[in-house]
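**Q** Each chain, written out:
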Amino acid sequence: MQSEQASPTAVAGLERVFKVENTSYYYGSNMAVRGVNLEIPGNKITAFIGPSGCGKSTVLRCFNRLNDLIPSAHIKGRITYHGVDLYSKAVDPTELRRRIGMVFQKPNPFPKSIYDNVAFGARINGYQGDMDELVEKSLRSSALWDEVKDKLKESGLSLSGGQQQRLCIARAIAVEPEVILMDEPCSALDPISTLKIEDLMQQLKENYTIIIVTHNMQQASRVSDRTAFYNAEPTESGGKVGYLVEYDETQVIFSNPKETYTRDYVSGRFG
Amino acid sequence: MTDSVFPSPAAGDSTRSDRWKPNRSLSKLSQRSVVILFGAFAMVSVATTIGIISTLLFETIEFFLEVSPLHFFTATRWTALFANPSFGVIVLLCGTFLTSFIGLLLAIPLGLLAAVCLSEYAPRNLRAVLKPALELLAGIPTVVFGYFALLMVTPFLQNIVPGLSVFNSLSAGIVLGFAILPTIASLSEDAIFAVPQSLRQGCYALGATKRETVTGVVLPAALSGIVSSIILGVARAVGETMIVTLAAGQSPTLTLDPRVSVQTMTSFIVQVTKGDAPYGSIEFKTLFAVGMTLFVITLLLNILSFWFVRKFQEKYE
Ligand SMILES: Nc1ncnc2c1ncn2[C@@H]1O[C@H](COP(=O)(O)OP(=O)(O)O)[C@@H](O)[C@H]1O
Ligand SMILES: [Mg+2]
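Chains as they are written, first to last, in this note's numbering: chain A, 218 to 488; chain B, 177 to 493.
FYI, nobody ran anything at the bench for these hints, they're computed from the structure.
All values reported here derive from a predicted model rather than from experimental measurement.
Where is the CB? At the ideal position from N, CA and C, for every residue including glycine.
Treat the hints with care, since some could be wrong.
Stated by the list, open to error - Chain B side only, calculated, beta carbon under 10 angstroms to chain A, not exhaustive:
(1) Pro198
(2) Arg200
(3) Ser201
(4) Leu302
(5) Pro372
(6) Ser374
(7) Cys379
(8) Ala381
(9) Gly383
(10) Gly392
(11) Val393
(12) Leu399
(13) Trp483
(14) Val485
(15) Phe488
Unchecked claim - Rough simulated footprint, nothing fancy, chain B against chain A, three-plus residues with beta-carbon under 8 angstroms:
(16) 281-287
(17) 306-315
(18) 338-344
(19) 356-362
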């Protein structure tokens, strides 16, 4: 059964940070996601949900062009960031990635001190201000300062999993990005650390636009303002390809979705 | 055969336990014999080590009963095989130091560069060819390198370096460097390649360039592996025998001039064992004293490497 192509879902009345237009993504000759249309509003939390392998991470990594690192991967379509085509020749992915931070599925602090973990990004990007101040500010905004202020010289790897993930958030914040991409940031964490990160996201959204991939539907409904539901369908060649099924206000997706697939998924009937 | 300590399941279910009969009647016995057999093999290597060390120690003590340690470590002439011998081991240490230093000066930077290029910059399929080639290079017998140094490198260098004698530490050191380069390159490459991909991605995601990622995150993360590969390279340079014997000659000279012939600890040992040193003679005992010095140096390097890895190794999941 061929579902309807999700219509370009505009974010009326809100500042539009990203606009994804008819974007497909390929790994070599394999199409991983097809025909995605959506807009990401500023200072909101947008959640990507869907069964695994449907291309949520792939789409997320398009926003900071992290997939560029995979030699055979390429994009078709258009993604704009404040109206600028992200994949145009004029865009330097290095500069782009400073503006669009990312937090990964498994905490990946650098093998450096807590202080240097936060200061590293600022140093390489030529931060001119006071470093101690920046480190403290970033650690405060990631709700980690009180736990680490007496051991800034210790290795980032000495922290617990939840603390490491907040350190990674501090590291991302320290380069003063506008957007923070989060790819299942809590999937390796215990429930209490997860709650801390979710609280933190609510504070961060004052200043940042957040896109979070999560396989946890409760999490999506708790934290996000808008939700995009992706699904995968089999292709003729025997593989599968992801597509965007529905994108709307979170509350609509979870209480009154238009698509049957979405309804089945959020009510736990498949996936 | 139901020797289970657990009660059998409720009646009616009794057929079920019939389906689970592990055939392990002999396993306890075979388990024990395997442990004994392998334990014996392990003991052989332990016993050999103890045997070698105690022989070394015993003969070294014998040596120091005849030659004072003060003389051994402070005299500046090494004429162990002459009528009126002087045992200034400094001379041999100096030869070893000079050839190793030249070799490492070449092997460390080139080896690390090769490792970084291979793991970070070379395309995957090129790496798949070059890495085994590098390891093959590490397997070339050093006597081949030695003749190469003596018959090719020295004549070539004599055109460039004025006053270069036939046996010299420059040529020996350069070729020694190429002999240990694959060891350093290959082991460092393993360490660099093992740095988790997630760390690199985390670094790129902050807006780092490739160079910043390599120098700022990848190399520090691989530091313990890199340093231990270098220490292993140093140990190989110090213990290397054939190249220095063939190319640097047999003249114990206290000099830092790379153009003249020197004798290293290892080539002295070769020289003595080539001739026939009667058991119990002073030449015979000198052999062990020099061997002991060499052993202590390599042991210290190993301990240093072990300590370094313990202290700086990062634990990733
Ligand atoms: N580096 C890669 N190389 C090749 N195929 C990939 C790569 N990363 C993801 N894919 C494929 O793309 C599809 C979507 O993957 P992904 O975006 O990780 O899904 P999700 O995050 O929703 O689980 C999957 O079929 C996966 O096999
Ligand atoms: Mg994913």
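**Q** A separate judgement is required for each hint: does it hold in the structure or not?
**A** The hints, checked one at a time:
no.: 1; hint: Pro198; in the structure: violated (37 angstroms)
no.: 2; hint: Arg200; in the structure: violated (39 angstroms)
no.: 3; hint: Ser201; in the structure: violated (45 angstroms)
no.: 4; hint: Leu302; in the structure: violated (13 angstroms)
no.: 5; hint: Pro372; in the structure: holds (7 angstroms)
no.: 6; hint: Ser374; in the structure: holds (4 angstroms)
no.: 7; hint: Cys379; in the structure: holds (7 angstroms)
no.: 8; hint: Ala381; in the structure: holds (4 angstroms)
no.: 9; hint: Gly383; in the structure: holds (3 angstroms)
no.: 10; hint: Gly392; in the structure: holds (6 angstroms)
no.: 11; hint: Val393; in the structure: holds (5 angstroms)
no.: 12; hint: Leu399; in the structure: holds (8 angstroms)
no.: 13; hint: Trp483; in the structure: violated (18 angstroms)
no.: 14; hint: Val485; in the structure: violated (14 angstroms)
no.: 15; hint: Phe488; in the structure: holds (9 angstroms)
no.: 16; hint: 281-287; in the structure: holds (count 3)
no.: 17; hint: 306-315; in the structure: holds (count 5)
no.: 18; hint: 338-344; in the structure: holds (count 3)
no.: 19; hint: 356-362; in the structure: violated (count 0)
Hint compliance for this structure: hints 1, 2, 3, 4, 13, 14 and 19 are not met, and every other hint is.
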